[in-house]
Amino acid sequence: MAGKEPGGRPLSPHLGVYKWAPSMAVSIFHRITGDGLAIVGALMFLWWLGAIAAGPDAYAAFVACVWHDPEAGTFHQITNILGKIVLVGLTWALFQHLFSGLRHLVLDTGAGYELKTNRLWSILVFVGAILATAAVWLYIAKEALHG
Amino acid sequence: MGNGTRLGRVRGLGPSHHGTGHWLQQRLTALGNLLLVTWFFVSLLRLPLGDHAALHRWASNPTVALGLILLVVSVFWHFRLGLQVMIEDYVHGEAAKLLSLVILNFYAIGGAAFGIFAIVRIALAPAALGPGGM
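One line per chain: the protein sequences are A and B, in this order. For the first sequence, the positions run 25 to 171 when my numbering is used. For the second sequence, the positions run 1219 to 1352 when my numbering is used.
Not one of these hints is a red herring.
To be clear about the criterion: a stretch of chain B counts as covered by chain A if any three or more of its residues have a C-beta under 8 Å from a C-beta of chain A, and this derived list gives those stretches: (1) 1254 to 1263; (2) 1266 to 1272; (3) 1295 to 1305; (4) 1324 to 1334; (5) 1337 to 1343.
Every beta carbon over 12 Å from chain A, so not counted as near; a handful from chain B, in silico: (6) L1225; (7) G1239; (8) L1284; (9) L1288; (10) L1316; (11) V1320.
On the chain A side, residues computed to face chain B include the following (Cβ under 10 Å): (12) R55; (13) G58; (14) L67; (15) F69; (16) L73; (17) I76; (18) A78; (19) G79; (20) A82; (21) A84; (22) H92; (23) G125.
Because the hints were derived from the structure by calculation, they are not lab data. Since the model is a prediction, treat every value here as computed from it, not as a measurement. Just so it is clear, CB atoms sit at the ideal spot from N, CA and C, and this is done for glycine as well.
If we strip away everything but chain A, and leave its shape as in the complex, we get (with noise of 0.2 Å):
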């Protein structure tokens, strides 16, 4: 960019220059997981909507592909992990998100400006982005070991 400015205009200054806090940090995550929640997320769930309404068949490819294959091929045995790390990390990014829109609903009233509060809310939604994640992935286990 810099340089390609018509007669070398100043730029603003961008994100190296500034020394990370929780409350950046948290911006710039809500626009990452915002990202990958709309891509690969997105993507995810029309392959699982697709593949119900194509019938048995399609829906067993699908779940041979993304999470358990009982004749598991190489290849199947790589996208089954591929596909659990992909669905731990769509799970984190959902309540990465959502924990960190609820703060932006919560800025929008004009509240949690005071840097102390605004510090606080940025680190609980990371702290909270995580536990939920563990404590629904603990879940799951848990669910897959009783049958």
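Once you've looked at the hints, dock chain B against the given chain A.
Showing chain B alone in chain A's frame:
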């Protein structure tokens, strides 16, 4: 050069010509997502996800199918607005920006249409396709 009166700006008469519409729609769909995604997420945790027949029965329930269609509309419109802001912030150059926005609209509207059509197929499928499949 002025930017118009405060009232005029709120009514969408400012330099962008669509006032607060984008901002407000992002918030409204966020509330829609909060309700619909929470319902969908809890449903996923409670459903037997390996059982096609059970999932098909669940999704063909009229209330569930309606909820799923509303979910697709709310979520896809929300991310269309969000990704639009991202593109406007980070894609420079008019041609690249315009192309990105066209692709975004094709993706969001095409994806939503695919999703809604899949839900309709499930909801209107003959009963024989539901239970007993597999």
